[in-house]
Amino acid sequence: MTASRRTFLGLLGLSAAATAGGPLLAGCSEKPTASGGAENLDKFANLLPARKELALNISPDIAGTPPVPSGYTKYPSTLIDAITGKPGTSGKEITAMTPVWGPAPPGIGQSAYLQAVNAELGVPVNFTTQDGNTYADKLNAMLGARDVPELLCVPGWEIAKIPRFSEAVKALFEDLTDHLKGDAVNAYPMLASYPTASWRHAVWNERLMAVPNPSDGPFPWALFTRKDLLEARGLAIPKSLDELLTMAKQVTDPAKNAWAFDDVFPMIQIYHKVPGSKFGWRLKADKTPEFKYETPEYRQALEVMAKIYKDGLVHPDIVASKGADAGLLFAQAGSIVFKQAGVGFWQGAQAEHQKVNPKLNIQPVPVFSATGGDPLMWRADEPISFTFIKKGAGKERVEELLRVINWCSAPVGSQEALLREYGVEGKHHTMTPNGPVKTDLAFKEIANQYFFISGRNPTIGPFPDTPNYVRDLLGWSNETVKYLEADPWEGLKVEMPDKFKAFAVPAEEKFTDVLRGRRPMSDVDSIVAEWKANGGEEARDLLAKALSEAGR
Amino acid sequence: MKRPRIPFRVRLQRDWQLLVMVAPGFLILLVFSYVPIAGNVIAFQDYNPYLGDNPLEAFLHSEWIGFGQFQLLFEDPAFWHALRNTLTITAFQLVFFFPLPILLAILLHSLLSSRVRGFIQTVVYLPHFFSWVLVITFFVQMLGGAGLLAQTMREADLQPWNIMTNPDTFILLVTAEAVWKDIGWGTIVFLAALSTIDQNLYEAAAADGAGRWRRLWHITLPGLRPVIVLLLILRLGDALSVGFEQFILQRDAVGREASEVLDTFVYYFSIATGNYGYGAAAGLFKAAIGLCLILAANKVAHRLGEQGIYAK
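These protein sequence lines are chains B and Z, in that order.
Last residue of the first sequence: 552 in my numbering, with the numbers rising by one and none dropped.
Last residue of the second sequence: 312 in my numbering, with the numbers rising by one and none dropped.
No wet-lab data here; the hints were simulated from the structure.
We put the beta carbon where it would ideally sit given N, CA and C, even for glycine.
A few chain Z residues that face chain B, going by a derived Cβ cut-off under 7 Å, partial list only:
(1) ILE136
(2) PRO167
(3) LEU249
(4) ALA253
All chains should be built: construct the whole structure from the sequences, respecting the hints.
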């Protein structure tokens, strides 16, 4: 590449500067450095809040196999007032930022939902909602500028993409340890009900720095299908990868505007049992960490997915632009028959689009093994997100903010949760014998804003507008949970080296080139070598060290 | 010839209204263009935004590493790749995009009916106000694998062309998108320049027997020349910026190889990874090249007897 740089500078008549520049640059410079680290969360038990479960007079209808939460199929008929008194006392507006997937909901001035909840809070929360798919980019810029809102939602999976995150936490956010540790948390009874395991992940630099939003399901992805479309074609939900791929060819018919898939590469990896711990690691028999790129399973998955692209089974809009809306192509248009999504996609899509298409039936495809033996499912049972409080707000303000978070954390069976999830009766929902059913306004205005600045002891449902959902989800979850991957680094918080984080996207893009047929499969070895040289080996050493320090 | 010097106070008294009018614009320039220049200091630092108690202290406390970021940058094949792509696209668009608004302006100018002209102008201006997401969605709906063209071809039992996801023809695609979006907008300046050409010249030429093409060659184009040269110089100064969103949106469709330009490089290797010093170094390099190009182009313009963007 030096050659091309010379040619280029030569074009400008600057070749003299280029030759002089080499030693000059080397002479008075140092290359920037930075690195990661690991913390053993077992050490911080004394920082965590003491758990105290809420006494609710309702119990779940369907039990989940832990870590799958239990579910409610019926909306409780009597609701309690979980919180007496208004959490807000100052009246001073609270700024907050949360992610949203899909169209952004209207702001505080135009939203009857935000106004209603804010009235109950006694203090207005003014949300900025940002596209969830590019949330990390916004976070990076915001943290780098040290310009954060009073309540900041940071999704768990984005943290891995943010360099120097623990330094940012130290510089920008309030230390909550003394507010919440031990019995101090009793001032916030909803927070005290969170599972202790989720609090462990909210420790940075050996202090409790955030309020976790405990995970309500341990799976990062699921493959969904339109069962109604399959039935119309006389097909049933596939039971193996071969069946899925055969069916994909059957349903793909461009003349009828139908394609089998959106980008389903992570699911194809899961079917091939590619490792997924800490976003792609596992231990070899000799206890050295191994990343997914290095495994034969990943190559098989790569080949299968590349063939899916080559055979034209992925919807062309998805292939052509990041601007395409796969959710609509799947749930509304039916041009995609199998779509990969986070589990949270299911209920919202079913509820919203069944209003127009009553036959709509979104169902998950069971997880299967492409290579024989038991299947494997990646694990994502760390908190969904964390709520950070901006540093320097003062003790009283921090307490007020924690009371607001506490209010937003009220569980199912409370008036607060009804308002948070279903808005105002008559405007956002109508009451039916089964419970509240959302109106169109609700789909427009309610976008989990308050959910993302709080947390709950996880439960599933109830969802009166999709009466079969909780049963279907728990059926699928209780089956899938048997195959949950074991994480060798469970309970260790690892911050990857910056070099590794910086090369994560370029490496993924190189594999995307292979997937889309722009690079041959034979290039994989060189991409892996490049990955090793660009932080891969450092990450491996860090993970190995973290394990040996934890005595595992 | 030397004009008599007017004292400052007298000039102030005479011009103060003008100065007041300029003040807001100047203030914006100062706050958003000049003050941030100081931030370029991080190109020479191992910048850590979390040092100290505020952003200013972060600048002061970050470690000084001289040209380390530049050294990394110049050793990075991805950077040279992005630079090469950017220059190729600029060169291509200079030849195949830059002249088009001139042609369209001349064409519009020759229309007699002002109503027809107004209508066409409105239609061709409109896409300029669309966002890139919309423009690309429009192209996908028309030319993509599930779009109008592909479906029509399928109905006719033809194999649809691969237009939206072919890295080899990506440069044509982005240029076509840019032309569709901005050709109308680009005509505005040229139409204004055309309206200043003396109509008598055309009449005199016609009386002397000059045909349509000779009038175009000897009157219209020379009349437009200063404006063309000015815009060409400004475009050259911007040579290393060819767009951003347009490339981000289509990145997965054609791959990094074809779509990486300097601005996306800075985004992926600096903003998205929090490696600000590195991005600042790339940005500074880009600005330096842009300045060189402007100076060089201006010099050429002076040689050709044009005024350029500033007089000598």
